[in-house]
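The lines below spell out each chain.
Protein chains: 2
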Amino acid sequence: MKRTKIILEDNDIPRQWYNIMADMPTIPKPPLHPATKKPVGPDDLSAIFPMALIEQEVTQERWITIPEEVLDCYTLWRPSPLYRAHRLEKALDTPAKIYYKYEGVSPSGSHKTNTSIPQAYYNKQAGIKRIATETGAGQWGAAISLAGVFFGLEITVYMVKVSYNQKPYRRISMETWGASVYPSPSTLTNSGRAILEKDPDSHGSLGIAISEAVEDAATHKDTNYALGSVLNHVLLHQTVIGLELKKQFELAGDYPDIVIACCGGGSNLGGLSFPFLYDKIHGRELRVIAVEPESCPTLTKGQFRYDYGDTAGLTPLLMMYTLGHDFVPPGIHAGGLRYHADSSLVSQLTHDRLIEARAYHQTEVFTAALLFSKSEGIIPAPESSHAIKCAIDEALLAKEEGKEKTIVFSLSGHGYLDLTAYSDFLEGKIIDCSFPEDKIKEALQRLPVID
Amino acid sequence: MKRTKIILEDNDIPRQWYNIMADMPTIPKPPLHPATKKPVGPDDLSAIFPMALIEQEVTQERWITIPEEVLDCYTLWRPSPLYRAHRLEKALDTPAKIYYKYEGVSPSGSHKTNTSIPQAYYNKQAGIKRIATETGAGQWGAAISLAGVFFGLEITVYMVKVSYNQKPYRRISMETWGASVYPSPSTLTNSGRAILEKDPDSHGSLGIAISEAVEDAATHKDTNYALGSVLNHVLLHQTVIGLELKKQFELAGDYPDIVIACCGGGSNLGGLSFPFLYDKIHGRELRVIAVEPESCPTLTKGQFRYDYGDTAGLTPLLMMYTLGHDFVPPGIHAGGLRYHADSSLVSQLTHDRLIEARAYHQTEVFTAALLFSKSEGIIPAPESSHAIKCAIDEALLAKEEGKEKTIVFSLSGHGYLDLTAYSDFLEGKIIDCSFPEDKIKEALQRLPVID
Numbered sequence: 001m002k003r004t005k006i007i008l009e010d011n012d013i014p015r016q017w018y019n020i021m022a023d024m025p026t027i028p029k030p031p032l033h034p035a036t037k038k039p040v041g042p043d044d045l046s047a048i049f050p051m052a053l054i055e056q057e058v059t060q061e062r063w064i065t066i067p068e069e070v071l072d073c074y075t076l077w078r079p080s081p082l083y084r085a086h087r088l089e090k091a092l093d094t095p096a097k098i099y100y101k102y103e104g105v106s107p108s109g110s111h112k113t114n115t116s117i118p119q120a121y122y123n124k125q126a127g128i129k130r131i132a133t134e135t136g137a138g139q140w141g142a143a144i145s146l147a148g149v150f151f152g153l154e155i156t157v158y159m160v161k162v163s164y165n166q167k168p169y170r171r172i173s174m175e176t177w178g179a180s181v182y183p184s185p186s187t188l189t190n191s192g193r194a195i196l197e198k199d200p201d202s203h204g205s206l207g208i209a210i211s212e213a214v215e216d217a218a219t220h221k222d223t224n225y226a227l228g229s230v231l232n233h234v235l236l237h238q239t240v241i242g243l244e245l246k247k248q249f250e251l252a253g254d255y256p257d258i259v260i261a262c263c264g265g266g267s268n269l270g271g272l273s274f275p276f277l278y279d280k281i282h283g284r285e286l287r288v289i290a291v292e293p294e295s296c297p298t299l300t301k302g303q304f305r306y307d308y309g310d311t312a313g314l315t316p317l318l319m320m321y322t323l324g325h326d327f328v329p330p331g332i333h334a335g336g337l338r339y340h341a342d343s344s345l346v347s348q349l350t351h352d353r354l355i356e357a358r359a360y361h362q363t364e365v366f367t368a369a370l371l372f373s374k375s376e377g378i379i380p381a382p383e384s385s386h387a388i389k390c391a392i393d394e395a396l397l398a399k400e401e402g403k404e405k406t407i408v409f410s411l412s413g414h415g416y417l418d419l420t421a422y423s424d425f426l427e428g429k430i431i432d433c434s435f436p437e438d439k440i441k442e443a444l445q446r447l448p449v450i451d
Numbered sequence: 001m002k003r004t005k006i007i008l009e010d011n012d013i014p015r016q017w018y019n020i021m022a023d024m025p026t027i028p029k030p031p032l033h034p035a036t037k038k039p040v041g042p043d044d045l046s047a048i049f050p051m052a053l054i055e056q057e058v059t060q061e062r063w064i065t066i067p068e069e070v071l072d073c074y075t076l077w078r079p080s081p082l083y084r085a086h087r088l089e090k091a092l093d094t095p096a097k098i099y100y101k102y103e104g105v106s107p108s109g110s111h112k113t114n115t116s117i118p119q120a121y122y123n124k125q126a127g128i129k130r131i132a133t134e135t136g137a138g139q140w141g142a143a144i145s146l147a148g149v150f151f152g153l154e155i156t157v158y159m160v161k162v163s164y165n166q167k168p169y170r171r172i173s174m175e176t177w178g179a180s181v182y183p184s185p186s187t188l189t190n191s192g193r194a195i196l197e198k199d200p201d202s203h204g205s206l207g208i209a210i211s212e213a214v215e216d217a218a219t220h221k222d223t224n225y226a227l228g229s230v231l232n233h234v235l236l237h238q239t240v241i242g243l244e245l246k247k248q249f250e251l252a253g254d255y256p257d258i259v260i261a262c263c264g265g266g267s268n269l270g271g272l273s274f275p276f277l278y279d280k281i282h283g284r285e286l287r288v289i290a291v292e293p294e295s296c297p298t299l300t301k302g303q304f305r306y307d308y309g310d311t312a313g314l315t316p317l318l319m320m321y322t323l324g325h326d327f328v329p330p331g332i333h334a335g336g337l338r339y340h341a342d343s344s345l346v347s348q349l350t351h352d353r354l355i356e357a358r359a360y361h362q363t364e365v366f367t368a369a370l371l372f373s374k375s376e377g378i379i380p381a382p383e384s385s386h387a388i389k390c391a392i393d394e395a396l397l398a399k400e401e402g403k404e405k406t407i408v409f410s411l412s413g414h415g416y417l418d419l420t421a422y423s424d425f426l427e428g429k430i431i432d433c434s435f436p437e438d439k440i441k442e443a444l445q446r447l448p449v450i451d
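If you're matching them up, the sequences are chains A and B in order.
Each residue of the first sequence is one higher than the one before, starting from 1 at the first, in the UniProt record's numbering.
Each residue of the second sequence is one higher than the one before, starting from 1 at the first, in the UniProt record's numbering.
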């Protein structure tokens with residue numbers, strides 16, 4: 001019997017998160033206030049975030065202690081297993097060793113719970129009663145709903161309308177954990193109403209939903225805002241993935257040549273790769289690849305500049321790869337990864353060539369997902385399947401080159417709540433949308449110019 | 001940080017299944033041929049089962065070796081974790097220790113994969129090309145579809161029509177793994193056509209779907225039949241659950257006072273409890289509780305006698321608790337557990353008072369499921385939630401009595417493919433159906449009388 005899983009004990013859950021700002025060659029430029037265009041201070045953010053998270057957003061301390069209450073929740077599913085994909089390797093007839101770190105074991109089905117738990121915890125500590133947030137494909141909305149019930153917080157989710165309609169199971173899971181879910185753009189906020197006035201049939205975007213949630217939080221005293229990706233503290237929380245993974249590779253007596261994750265806002269990629277980038281920054285040879293959809297190609301086709309995090313321009317400007325904050329990706333794309341920009345940390349590291357980026361079309365991604373599910377059993381989330389496609393390509397390249405490489409990718413979530421997308425794919429209803437070059441050009445031209 | 005999970009390594013997967021027939025006080029009476037009413041021999045069964053499984057059906061050997069190829073698949077998700085439900089205990093404020101063994105980690109989301117894998121393996125060994133089977137709520141159909149793709153077998157699934165319509169995600173998962181799925185009763189078989197002639201709007205039953213699958217297998221030379229519960233070899237394969245669990249309790253330094261599982265055909269209950277019943281038969285004190293729905297109360301309201309396994313009377317007669325082979329449980333019940341009878345082994349052990357039985361209404365089961373998902377995070381399958389309800393009741397009783405009992409239940413699967421049932425429950429659409437006493441009486445009167 002070959003060893004398939006490298007399993008850790010409850011006690012092996014990391015006690016500290018790793019902050020890459022302590023080690024990265026270039027610290028990202030600071031966030032700017034949307035009105036004054038000057039660097040924001042803690043006070044500017046305190047209307048929508050608790051101070052503990054604001055501190056985590058800016059600190060350059062290398063290690064941040066994980067609170068006991070958060071660890072207690074982490075034990076519900078962490079440490080997550082590392083799998084050796086023997087059956088996929090055999091299907092590809094590759095000399096490469098393929099591993100995957102599986103975050104779908106979390107009760108919400110994805111890695112997002114790694115940050116929703118501490119975010120709910122710190123908000124509860126700060127006396128907050130309710131959290132307003134957005135969700136795209138629904139992984140984040142589910143994760144924060146679960147965290148809300150654990151810490152006794154009300155959760156309001158603005159869910160991108162196209163997903164709200166396409167993914168009823170995601171919505172139901174949030175409601176089962178007690179959250180209130182509204183399709184965005186909604187009539188509940190000024191931002192939502194403004195969009196609906198211009199385009200009553202708008203199918204929404206993550207940028208629009210963020211505007212709605214931020215507005216909701218900013219206009220209610222007992223309510224804060226929470227974001228499931230992009231921000232530094234979110235990526236910080238996700239580093240439990242990569243920290244566990246390093247320990248698991250030690251146990252396996254192996255080390256990766258290539259580390260792969262899908263990239264929307266960048267939280268799964270950051271969580272998986274930052275502890276390995278520490279090694280790379282300190283001289284170890286390895287490649288980190290961010291994989292994104294061709295329909296929303298932020299890292300591969302975007303510009304590295306200041307942009308708003310949301311469509312209405314309510315959030316601070318962040319220095320990041322962006323397609324323009326009012327870019328609305330094609331609605332037909334079945335997976336998540338539809339944010340118009342990327343985390344500042346991931347953007348800076350990509351700009352500094354510590355991370356490579358690659359984009360795939362959705363049909364080749366679903367083809368890879370099917371091969372994976374027929375080899376390894378698990379039906380992957382469409383988001384995670386971008387990483388699978390890249391891992392398969394790298395494994396086939398290794399075969400061509402006759403090299404025995406070690407590849408690890410993040411299976412950031414399962415696809416059991418996304419099965420209608422598989423049904424559509426099997427029925428030939430999913431087609432590749434060509435890269436919307438003109439729309440992106442236009443969106444980029446509308447960006448504010450920062451000196 | 002409290003220890004939440006008791007985790008085993010790949011190497012701890014049992015190498016042998018446990019056969020309770022070696023130890024039970026009364027061996028069940030033999031299956032009878034449906035035409036002659038005489039005990040069936042191996043030849044009677046060889047038209048639809050491979051000889052290896054027929055041998056496992058009748059052997060009284062205590063230990064059966066698990067083939068290496070089956071172990072290789074088991075490592076994809078086994079050993080399954082044992083959880084200590086700290087958060088549920090706190091919510092109940094009970095002195096009882098509550099554990100659950102979680103089988104939802106399998107790629108198909110339930111315990112059914114424990115037997116679908118060996119069944120596919122032995123059929124492949126016997127040169128079979130295709131397997132015809134039935135599925136109720138869809139857990140078994142998904143499990144055999146996955147096993148089929150692993151061993152290169154075509155899979156045809158007759159899915160009870162009410163579930164086919166209510167649970168599209170289950171169907172899609174089967175199709176994603178390559179299976180063909182038909183709503184039953186279908187027009188593909190004589191049995192299906194006969195039912196549709198009498199009742200064109202029939203929403204189907206497990207008994208009808210079994211008739212269709214057995215007929216399909218019996219009339220095609222390269223095709224065998226497979227059943228996901230009830231039969232001795234199925235329960236045998238499931239004993240990996242209880243065998244792992246005993247090892248996990250050893251590691252935890254604990255031992256259960258009460259072992260609880262839901263019971264439809266009996267495979268999850270048998271798999272969990274048989275290794276513990278070995279101890280009970282040899283003098284150790286413990287209780288085993290089978291939990292079933294009030295709408296299909298086989299063990300609590302059925303008769304212990306010979307009956308057919310299917311509606312059309314194509315299968316052998318088995319000695320079991322039954323409500324009558326043409327009893328069709330109310331269509332509104334959201335979970336599985338809708339089979340008209342129980343495994344012979346479970347029936348005999350219940351008759352011999354080694355197993356207790358209990359029935360619950362579905363709304364109290366869903367209420368328990370919600371409490372569980374808000375405490376432990378995981379949204380449970382409606383089937384498994386019957387066991388949760390019973391565990392909660394026993395924990396509250398322990399509180400009333402001021403006793404520190406150790407309770408373990410089987411969380412046989414997750415509910416992420418059953419979320420429409422939760423949505424219906426949250427919207428107040430799920431109501432309790434009163435026990436259909438008259439219909440059961442009628443169905444029992446139609447049973448063949450065996451001397």
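A few of these clues could be false.
Chain copies aren't distinguished; within one or between two, either way the pair holds.
Dumping the calculated DSSO-like pairs for lysine-lysine here, alpha-carbon to alpha-carbon at most 30 Å [unchecked claim]:
#1 Lys441 to Lys301
#2 Lys399 to Lys37
#3 Lys97 to Lys221
#4 Lys405 to Lys441
#5 Lys2 to Lys221
#6 Lys399 to Lys280
#7 Lys399 to Lys221
#8 Lys221 to Lys374
#9 Lys38 to Lys246
#10 Lys429 to Lys97
#11 Lys280 to Lys439
#12 Lys2 to Lys198
#13 Lys37 to Lys280
#14 Lys439 to Lys90
#15 Lys301 to Lys439
#16 Lys374 to Lys124
None of these hints come from the bench; they were simulated from the model.
Alpha-carbon proximity between Lys374 and Lys124, which holds within one copy, between copies, both or neither at 30 Å: between (43 Å within a copy, 17 Å between copies)
How would you label the pair Lys301, Lys439 (within, between, both, or neither) given a Cα cut-off of 30 Å? Within. Shortest intra-copy distance 12 Å satisfies the 30 Å Cα cut-off; inter-copy 67 Å does not.
What label fits Lys2 with Lys221 when the C-alpha limit is 30 Å: within, between, both, or neither? neither (56 Å within a copy, 35 Å between copies)
Between Lys399 and Lys221, at a C-alpha cutoff of 30 Å, which is it: within one copy, between copies, both, or neither? Neither, since 58 Å and 41 Å both go past 30 Å.
Intra- versus inter-copy proximity for Lys97 and Lys429 (alpha-carbon distance at most 30 Å): neither (34 Å within a copy, 50 Å between copies)
Same-copy or cross-copy closeness of Lys280 to Lys439 [CA-CA at most 30 Å]: neither (37 Å within a copy, 71 Å between copies)
With identical chains, the pair Lys38 and Lys246 could be close in the same copy or across copies; at 30 Å between alpha carbons, which is it: within, between, both, or neither? neither (39 Å within a copy, 63 Å between copies)
Pop the pair Lys441 and Lys301 into one bin, within, between, both or neither, using alpha-carbon distances up to 30 Å. Within one copy only: 10 Å inside, 71 Å across.
Intra/inter-copy verdict for Lys37 and Lys280 if alpha-carbon distance must be at most 30 Å: Answer is neither; intra-copy 34 Å and inter-copy 74 Å both fail.
Intra- versus inter-copy proximity for Lys37 and Lys399 (alpha-carbon distance at most 30 Å): neither (51 Å within a copy, 61 Å between copies)
Checking an output row: Lys439 and Lys90, CA cutoff 30 Å. Within, between, both or neither? neither (42 Å within a copy, 54 Å between copies)
Is it within, between, both, or neither for Lys2 and Lys198, if the alpha carbons may be no more than 30 Å apart? neither (59 Å within a copy, 54 Å between copies)
Figure legend: structure checked against the earlier numbered hints; hints not met, in rising order: 2, 3, 4, 5, 7, 9, 10, 11, 12, 13 and 14.
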